[in-house]
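> Given the coordinates of chain B, assemble chains Y, H, Z, D, G, F and X onto it according to the supplied hints.
Protein chains in written order, with this note's numbering: chain B, 1 to 221; chain Y, 1 to 221; chain H, 1 to 221; chain Z, 1 to 221; chain D, 1 to 221; chain G, 1 to 221; chain F, 1 to 221; chain X, 1 to 221.
Bear in mind the hints are in silico, worked out from the structure with no lab data behind them. All figures in this text were calculated on a predicted structure; none of them were measured in a lab. Keep in mind that the hints are not guaranteed to be accurate.
Said to hold, decoys possible - Here are the simulated DSS-like pairs of lysine-lysine, each with C-alpha atoms no more than 25 Å apart in a straight line:
no.: 1; chain 1: H; residue 1: Lys-218; chain 2: B; residue 2: Lys-215
no.: 2; chain 1: X; residue 1: Lys-215; chain 2: G; residue 2: Lys-218
no.: 3; chain 1: G; residue 1: Lys-218; chain 2: X; residue 2: Lys-218
There are 8 protein chains.
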Amino acid sequence: MSLDFELDFDRQDRIGMGEAIFCEGKSSDQVAGILYAADRRGVSLLLTRCSPALVAALEPSLREALDYDPESRTAYFGTPPSVVSTHDVAIITAGTSDLPVAREIERTLLFNRCAPRLVADVGVAGLWRLQARLPDVADCKVMVVVAGMDAALPTVVGGLVPQPIIGVPRSTGYGAARNGETALMSMLASCAPGLTVVNIDNGYGAACAALRLLKAIKPAA
Amino acid sequence: MSLDFELDFDRQDRIGMGEAIFCEGKSSDQVAGILYAADRRGVSLLLTRCSPALVAALEPSLREALDYDPESRTAYFGTPPSVVSTHDVAIITAGTSDLPVAREIERTLLFNRCAPRLVADVGVAGLWRLQARLPDVADCKVMVVVAGMDAALPTVVGGLVPQPIIGVPRSTGYGAARNGETALMSMLASCAPGLTVVNIDNGYGAACAALRLLKAIKPAA
Amino acid sequence: MSLDFELDFDRQDRIGMGEAIFCEGKSSDQVAGILYAADRRGVSLLLTRCSPALVAALEPSLREALDYDPESRTAYFGTPPSVVSTHDVAIITAGTSDLPVAREIERTLLFNRCAPRLVADVGVAGLWRLQARLPDVADCKVMVVVAGMDAALPTVVGGLVPQPIIGVPRSTGYGAARNGETALMSMLASCAPGLTVVNIDNGYGAACAALRLLKAIKPAA
Amino acid sequence: MSLDFELDFDRQDRIGMGEAIFCEGKSSDQVAGILYAADRRGVSLLLTRCSPALVAALEPSLREALDYDPESRTAYFGTPPSVVSTHDVAIITAGTSDLPVAREIERTLLFNRCAPRLVADVGVAGLWRLQARLPDVADCKVMVVVAGMDAALPTVVGGLVPQPIIGVPRSTGYGAARNGETALMSMLASCAPGLTVVNIDNGYGAACAALRLLKAIKPAA
Amino acid sequence: MSLDFELDFDRQDRIGMGEAIFCEGKSSDQVAGILYAADRRGVSLLLTRCSPALVAALEPSLREALDYDPESRTAYFGTPPSVVSTHDVAIITAGTSDLPVAREIERTLLFNRCAPRLVADVGVAGLWRLQARLPDVADCKVMVVVAGMDAALPTVVGGLVPQPIIGVPRSTGYGAARNGETALMSMLASCAPGLTVVNIDNGYGAACAALRLLKAIKPAA
Amino acid sequence: MSLDFELDFDRQDRIGMGEAIFCEGKSSDQVAGILYAADRRGVSLLLTRCSPALVAALEPSLREALDYDPESRTAYFGTPPSVVSTHDVAIITAGTSDLPVAREIERTLLFNRCAPRLVADVGVAGLWRLQARLPDVADCKVMVVVAGMDAALPTVVGGLVPQPIIGVPRSTGYGAARNGETALMSMLASCAPGLTVVNIDNGYGAACAALRLLKAIKPAA
Amino acid sequence: MSLDFELDFDRQDRIGMGEAIFCEGKSSDQVAGILYAADRRGVSLLLTRCSPALVAALEPSLREALDYDPESRTAYFGTPPSVVSTHDVAIITAGTSDLPVAREIERTLLFNRCAPRLVADVGVAGLWRLQARLPDVADCKVMVVVAGMDAALPTVVGGLVPQPIIGVPRSTGYGAARNGETALMSMLASCAPGLTVVNIDNGYGAACAALRLLKAIKPAA
Amino acid sequence: MSLDFELDFDRQDRIGMGEAIFCEGKSSDQVAGILYAADRRGVSLLLTRCSPALVAALEPSLREALDYDPESRTAYFGTPPSVVSTHDVAIITAGTSDLPVAREIERTLLFNRCAPRLVADVGVAGLWRLQARLPDVADCKVMVVVAGMDAALPTVVGGLVPQPIIGVPRSTGYGAARNGETALMSMLASCAPGLTVVNIDNGYGAACAALRLLKAIKPAA
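In isolation and in its complexed conformation, chain B is listed as follows:
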């Protein structure tokens, strides 16, 4: 059952995003095979949900070729991207434990040449924090809001600003938080008009949605 990996090396041309590899559920042999194939074609890759154990299981030459960030479990393979767009995307988080996903968003955006702005720790149980920090991102084109538990933050933000808002529910919390399903359902049922949502903890997907939007705003980029 030998296999060629059918990678999507033309994705950049077709839908404007670089190729990314979702590592969870792949063996280290499979990931290594993909990296060698990319190397042969001279293509850069973004690895997501890539555990430290998986990186450790790669052979040293591959491991060293990776720019790995354990907090976000992402890695860059290939020549580093140079940033073009700056501060078009705001990342707003409710609490400290949302930072790994915020970082996954940031790393995905940077891989696609876009540097975001971050406003952290502004959960609505302490409302004044959000109100103090929101002006910092008022000129961003799109807001990605990361929140877990009751996920009230995107609703409040959505009532205050006119920009597109992408909610990222978090799997933090316990019991009634239901591994993020409560945050997900809460965002979907929000009464702030025009929120959109991605999968629980899906920082990569939220960044891609932001990139689709930036591309629509600035087709030349």
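This is chains Y, H, Z, D, G, F and X only, laid out in the frame that chain B set:
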């Protein structure tokens, strides 16, 4: 299978609340039997979740003896209560469709001689509305917050005031609102410290919880 | 318990969308009160999830003032909008039973002065239909994709075009379709990068998300 | 992505409870950063859901500054609190495996200067145990009842005493216990009037709810 | 597609219970066909979950041959049974709305020649009621306990008596009661040893389980 | 928003099945439009999940052109099919209330020129019935097994015969039957090797799966 | 927070079963405390769901005093019981992986002086195995049937024998087996009349239910 | 409690498939006992869901007698099968992480003397890949389609080819993927006519279903 109804006529003495009858799932014959039993003992009753169809199926003499409110589906049977405590309880609602439950809370409190204050339509998708109205209830002893869908309101209130807060999730909305389960889970997973919650749409239960609290504050009442 | 309705008449200025009233769960008296309040201020309203029974229960003068569409259960109250933007939004549907939601999206967009383009009945069980019709909407700025049951359509579209994509899961089907939850979860778990999703059947929310996007793309509009 | 931690150091003044840090989902670096920030301001902290592994990963100076209790997974950081209120709160538990949460409640209350009374192992499958012990807490102002599995205890207590009752469902048991969801739903559906509930295993939240109550009873405290 | 109905007319001999027809989901034509087939063989039948509408749709001769009880939605077809065993089964219910299921149990037992004893309205939110009534059924061989919502009653009974206990969860209540699933799960997770449970509202099944037991106790019966 | 219906009139050639219209969720105007389009092209249609109310809402000329069967809620539109294959498919049902789905399977097969054999009322709570009837279908090429509640029948059949088996879970029953989800999950978790399953109540889909199989067996048919 | 353990040492007298300790969720210190208390009173104990790790964490003197069986995770503490009743209880299992629970049932029965008979590996996907073995247990008073996955076995047994049947759903399997919930729901929805069910994997509870039955059958035992 | 293992050694004759042992949930002692029994009878066995840890715990002589494949967690015990049928079954997978299940299907087929063809990595987010590879399997008799997350692949394939299609949902993904339940439900709700489905990750079951099909097509095989 003839039955005597084992009503809890001493509840007032034991736990400080008048006897209430949960009508849903009871036949009109059963409710009539209960009303006659209460009448024989000269006891007042509060009927909850009492549908217009149930009231219509009672015989005229009973129906006329009821002080029935169709919005909240509650009825008083027996001599009307006189209010003693005023404005100790605040009822805060997110939207217009929360009013039937707000009214059930109010009617339950009035039946137990307590007149609440109401702040309506202050959902957090329009944050300034809450901020404008919160001072009106700052001296209340306890806040009952009614909200559906994402149910973000109790979290925001809980971060702003020191009073006990009882959240009542609402079954409004559709799809991801899951008949109120999302609101319920969202309140339970809230990061505002010290919120407590009752069953979906359970205005009666929230009022009883407020009454237990008032009794603890003012034992003589 | 008399109430003033705390409508959000400044929403147009703040977040760029006209005021809309979610009618489900409101009594006809409540809706009538809202319409009179809007009339006094000369504000136009969009009514959503407004059943024929609710419209029929309004008094004739109000009922006649509504531009009501039973298929989408939406109504306009007030002076009709004039369209400014044309064909910036594509609505793509999988099957005939998705049309009520497509129509809700269209009516919400028209109320906000934007006329969409529609590509219907292109579910992926007959793939050639989608491939034949996709060029018709290639120059749209944003794609709203409506699909129920297995909801495979947004994934396929998302792999073919670079635009922002807003998925609207539908509550059609039975059994394993779980009233739209399968379509919702399927869209959220999609492997096409950068899809975003709104609540089941939430055509209004999808249109609002598209409007936020258009506003970001063309700030002057 | 360097961050200042936006701690809520004024919470004591605003809502009457000391600042607490929810440690689950935070890295040891994040927790260390928070402790240093608190230390610089001279603020005491309560750490909750703080695993032994997390404590072990802190550097020795921080670790030694903690008053850590592994059973409840709580820690005090800073000068120990002196108790003011005594025996205002009763903690009632159904079984031996409820003790870690009972201890979390006790430690949270002590951190806020309140010493509770404990009645343990009085599950209703052995009813006489509850009846023998209930008089011991009859003069408490508020009862916190911890129970898992079928969680029948708060219903029985709620029918016997007039005090405010805060139910804490436990994640003990297996199969139909559903990690505490059965206990949670059972408490919410209880027919004892006026029970309120917090999240599964949320001893911290229950203690905070009790503190809000005590503050309402004794505003000067 | 003409059909002979494959009834189980020998069930009485094989497993000691008369043939019963579950009517829900059967058309009136199907039920009529079954009744005619039973009539031809001279066999008595018990009809369960038989709605008034179904009975009304039968032709008059069949309808008159039924001994129909609308409360329990059961009917006897054929010669009435004569009671042999008396008071071997206790039926204990928590509230008034449990009576239709109690009646289904009673009617199923009577059809199998066993007359039960009933103790109603002894829910544990008013514990003294149970304690007063339990001696009345102390010499019964088996206890069937019907309870909805939090379903705490079988746990308390199970801790007090040594008999076999069959719990019947009820679909009463709303919200967190989840149409009886909370009562079902609560009974299954009970910490009283040796409770067994049947399906939600399944009075017929509980009666059959009691009959299996009586047959084991008195093989000659 | 005028629409041409994008029907799949070439389905017969491509995947070997005639075009079918799923009527649930379609308005009578939509169905009428589809029928007129089929009429113009001279194509026969199978209508599924077609309620009597929908048929009644069609105009008389269309209604009379339908060969409608209310039990299975199916209709034929166009020239009646002539049967070619006989007795290649066995339909085996557990109980009387499975007959509407059995009939939907039969009508779908007949529309595609295949006449099935039916073995009804052989649920495994009366095992001898199955054992007596199974020889009647021993020479069928494929077995479609319809069963609700615990859905044990396909497991037992699957252990006795070597043919392909398609399980159709039924939405009959109540409580723990969960509208057919228990039957569905039970079939999927079956320990009989090689069972396959379709959606709850999906007789049409089961018939199509059988047709795919027959086509593979007899490519010329 | 020092505690006396409120053990139920009189359970034998009251409900006819020896005291048992559910070990899951208890620390080794708590279990040791309970064992010492039992030792002081000279009471025997049955430990259930007692992991090898828990046993290993006890101090040697306690560990050696236990008669521990790792397969069933049960232990006896105190003088071994002498069997009185023999072969009154049949344990019937569907597959090899049901044996740990079968063993838990057997050990619980033996602790209460009753020796059961075992019929293993008779799942209904191979029907002849059950038919061959069922006569071996035809004279047992009660049947405990253990089955996972689709749990069809109790339905088939329930249709063949008149004895009381206690179903024990197993958490074996994966995916659609849902950790035993499918087996549980399948047993509850069974169409075999008079099955009763205990919690998933609850061998202890099933044995206790059988003991209640035996006590009703033979009061003198 | 010594046991003979009731293996189903005649399965080959009865339903045309060799005996397979589901290893999950069995101890290494149990598996060893089964292997010895098979060895005594000279029967070959297929082991499924057999973890490396289980293999490692077998004694060396047994371990060496196994042809073990860790990727698919399958092992052959006994003389290797010789392939008879070639390329009658197509295995089509959406992504790299579906390969372990594809391999389980292949190994099960090979054990039953059938060699399949594999088309991998053709998920519909990159539609051209599927369209390029589908002709390679156009002459296969049956298609097994493995897909996780939104599982759109079987729907697209089902609309393009007339063969029988067996969908295997995968447990890959996170959050909304719900451990494969979304993929399962999505396949069941598919609008492509005639798809059938097996349990999540159940490669063995899908292969058995394909074998039943091949046997129906080529009875002599």
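> What are the numbers of the hints the structure violates, in ascending order?
none
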